[in-house]
Amino acid sequence: MEWPEWFPTGCPPADANHASGTFYRLVGNDPPAPDDFTPGFLLFPGRNFCKRPQPTHGVSRLFMACGLTVFRAKEDATRMKEIVPRLRNKFLAGGELMPDLGKIKHTPHHEGCSHHCWWVPNGMDPTHRFTVIDEEPA
Amino acid sequence: MDLLPRNTALGELALVEVYAYVDIPCLFACRNRSGQHFLAVWIEETADANRWVYVPVSEQRLRFVRSGGIELRDAFTAAEEESAYVVSVPRGQGETTLERVACRSLTDAMLPSAGERLDLDTPTLPAAEDEELVRAADEARREVVRLKLNFPECRRSEAPAKEFADIIACFQALMDAIGHAVKGDATTSGRIPSDVLRQTRMAVTGTGGGSFSVIFAATAANNVLNESLAQDAIAEFIRLAEAGSDLDGLRQAFSRLKGRSATRYRLLLERLAGAESGLDVLWASPRSRMGHTVQMDNRRVVETVKAVSAIDEELAEPYEVVGTLYAINLHSMYFGLEGLREGEGVTGTVLPEALSEVPHPSAGEQYRATVREKREINSLTGEERVRHLLVGLRPLKK
Chain A
1 MEWPEWFPTG CPPADANHAS GTFYRLVGND PPAPDDFTPG FLLFPGRNFC KRPQPTHGVS
61 RLFMACGLTV FRAKEDATRM KEIVPRLRNK FLAGGELMPD LGKIKHTPHH EGCSHHCWWV
121 PNGMDPTHRF TVIDEEPA
Chain B
1 MDLLPRNTAL GELALVEVYA YVDIPCLFAC RNRSGQHFLA VWIEETADAN RWVYVPVSEQ
61 RLRFVRSGGI ELRDAFTAAE EESAYVVSVP RGQGETTLER VACRSLTDAM LPSAGERLDL
121 DTPTLPAAED EELVRAADEA RREVVRLKLN FPECRRSEAP AKEFADIIAC FQALMDAIGH
181 AVKGDATTSG RIPSDVLRQT RMAVTGTGGG SFSVIFAATA ANNVLNESLA QDAIAEFIRL
241 AEAGSDLDGL RQAFSRLKGR SATRYRLLLE RLAGAESGLD VLWASPRSRM GHTVQMDNRR
301 VVETVKAVSA IDEELAEPYE VVGTLYAINL HSMYFGLEGL REGEGVTGTV LPEALSEVPH
361 PSAGEQYRAT VREKREINSL TGEERVRHLL VGLRPLKK
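The listed protein sequences correspond, in order, to chains A and B.
Numbering-wise (this note's numbering), the first sequence opens with residue 1 and increments by one.
Numbering-wise (this note's numbering), the second sequence opens with residue 1 and increments by one.
Worth flagging that the hints you see were computed from the coordinates, not collected in a lab.
In this text, a Cβ means the ideal position worked out from N, Cα and C, and glycines have one as well.
Keep in mind that the hints are not guaranteed to be accurate.
Unchecked claim - Just a few of them, taken from the derived set where beta-carbon distance is under 7 Å, the chain B residues facing chain A:
hint : residue
1    : I43
2    : T46
3    : M110
4    : F164
As the list claims (entries may be wrong) - These stretches of chain A come out as covered by chain B in the derived footprint (C-beta under 8 Å, 3 or more residues):
hint : segment
5    : 5-18
6    : 31-37
7    : 94-106
8    : 127-134
As the list claims (entries may be wrong) - The calculated label-pair distances, taken between Cβ atoms and stated as ranges, are:
hint : chain 1 : residue 1 : chain 2 : residue 2 : range
9    : B       : G115      : A       : E5        : 42 to 52 Å
10   : B       : T187      : A       : P108      : 53 to 63 Å
11   : B       : G115      : A       : N29       : 24 to 34 Å
12   : A       : G112      : B       : N7        : 50 to 60 Å
13   : A       : S20       : B       : K306      : 38 to 48 Å
14   : B       : G92       : A       : A33       : 37 to 47 Å
15   : B       : P152      : A       : D15       : 25 to 35 Å
16   : B       : T46       : A       : T127      : 16 to 26 Å
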């Protein structure tokens with residue numbers, strides 16, 4: 001598996017698993033478009049993301065910024081729309097991840113949270129693997 | 001954090017905790033170098049910048065927010081300072097801008113939805129360290145016990161007052177009952193002598209975090225040999241807790257401690273089970289100068305209730321009442337007996353074994369009744385009550 005050249009050394013972390021299973025992600029387009037899968041590292045260029053491993057899951061913010069947020073639990077993804085005004089107009093999309101789609105790791109920020117960080121390999125387009133499943137954004 | 005504003009009036013910020021993360025931290029707490037905390041939420045993304053609302057919060061308020069004590073929306077609209085900051089962070093290397101706004105002017109589009117709360121375990125009291133308690137016991141030369149409780153509904157270091165008060169009262173009653181038995185003159189009912197009560201009396205000396213813990217100290221200091229009745233009572237209590245739900249171990253313990261202790265232990269455990277709490281005990285004794293711990297999770301508490309209930313029934317000593325049966329209902333298994341001696345009436349539940357000699361007792365007839373008492377907690381009111389069980393019935397003429 002080949003990773004984007006802008007990934008820092010050691011990313012994704014060695015204990016990340018091959019992507020597998022049903023996950024949910026908030027997207028801005030229906031159907032999902034490539035810009036719905038842009039990691040924070042590219043959205044916020046030139047930022048100095050923290051390299052220290054985070055205590056709740058052991059992954060640094062730098063590595064997290066290279067990945068994409070997906071949730072194992074649909075309700076966790078939906079709840080983000082309620083909590084964060086910026087996400088309120090997003091669509092909820094579901095998709096089946098396969099090993100060819102990269103690596104994934106459970107990265108909860110608190111107990112019971114189903115947040116996963118998903119690192120997509122070079123040249124892989126995940127847009128067609130996700131389908132919008134809610135009708136209209138709020 | 002990388003996306004935190006720099007060189008602004010908010011000061012040099014560092015991320016404290018992330019509550020919502022979607023590709024970047026979306027809802028989080030941060031703090032500047034002077035210790036001022038802010039709660040921040042992502043509100044808008046444009047081609048040029050991202051906008052956030054930052055609201056200053058005290059540490060106490062932040063703990064309340066993270067434990068779900070107040071809604072996220074209210075944390076922004078009803079902030080202590082009544083003002084918030086709209087922060088625009090440019091996508092590239094441009095200047096971060098800051099606009100101070102009144103909290104009441106924040107619109108729906110800038111706020112979490114109504115009804116949304118965080119729900120995170122949040123200690124709001126410092127935990128009492130084991131070593132500190134051992135030292136305190138040694139210095140004051142008196143027994144110290146810490147009961148750590150965990151109430152599932154409470155995310156902060158708080159306890160529901162009613163349940164907590166009941167547990168405290170049950171613990172003291174258990175100490176009294178065990179102390180009475182250890183003294184060697186235990187009775188199943190009636191008053192415990194004031195001399196015993198004085199020696200087993202516990203004082204609440206503090207509360208602490210780490211779930212919710214309450215610290216007791218015996219009000220009576222140990223004697224010159226560093227012994228006390230409270231020490232003996234606590235040691236027996238620890239043995240009981242260590243026995244868990246093991247019937248043989250409990251039978252052995254209660255053969256010494258008698259029925260009143262079994263009833264009191266059962267009532268304490270029932271209170272804990274009812275509050276869905278476990279029990280974590282630390283005993284610090286000046287005699288051993290060491291801490292002794294026992295832990296029971298809620299599942300073990302529930303199992304132990306069953307075991308102690310069985311023993312409690314075995315140990316309950318029946319007594320006889322002679323009188324006129326004025327009410328008997330074999331469908332509801334209710335009975336009422338008016339004693340021949342004044343004030344000896346009793347009402348309660350008929351157990352099947354009571355009918356072995358007289359399968360169809362008649363109201364108005366006189367009987368010699370064998371009755372057993374069972375102390376229970378009313379599940380509706382939480383009050384303690386005594387239930388009378390009719391275990392034997394013989395016609396008076398025989």
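Against the structure, the hints:
no.	hint	result
1	I43	holds (4 Å)
2	T46	violated (11 Å)
3	M110	holds (6 Å)
4	F164	violated (24 Å)
5	5-18	violated (count 0)
6	31-37	violated (count 0)
7	94-106	violated (count 0)
8	127-134	violated (count 0)
9	B:G115 <-> A:E5: 42 to 52 Å	holds (45 Å)
10	B:T187 <-> A:P108: 53 to 63 Å	holds (56 Å)
11	B:G115 <-> A:N29: 24 to 34 Å	holds (28 Å)
12	A:G112 <-> B:N7: 50 to 60 Å	violated (37 Å)
13	A:S20 <-> B:K306: 38 to 48 Å	holds (43 Å)
14	B:G92 <-> A:A33: 37 to 47 Å	violated (23 Å)
15	B:P152 <-> A:D15: 25 to 35 Å	holds (32 Å)
16	B:T46 <-> A:T127: 16 to 26 Å	holds (23 Å)
Hint compliance for this structure: hints 2, 4, 5, 6, 7, 8, 12 and 14 are not met, and every other hint is.
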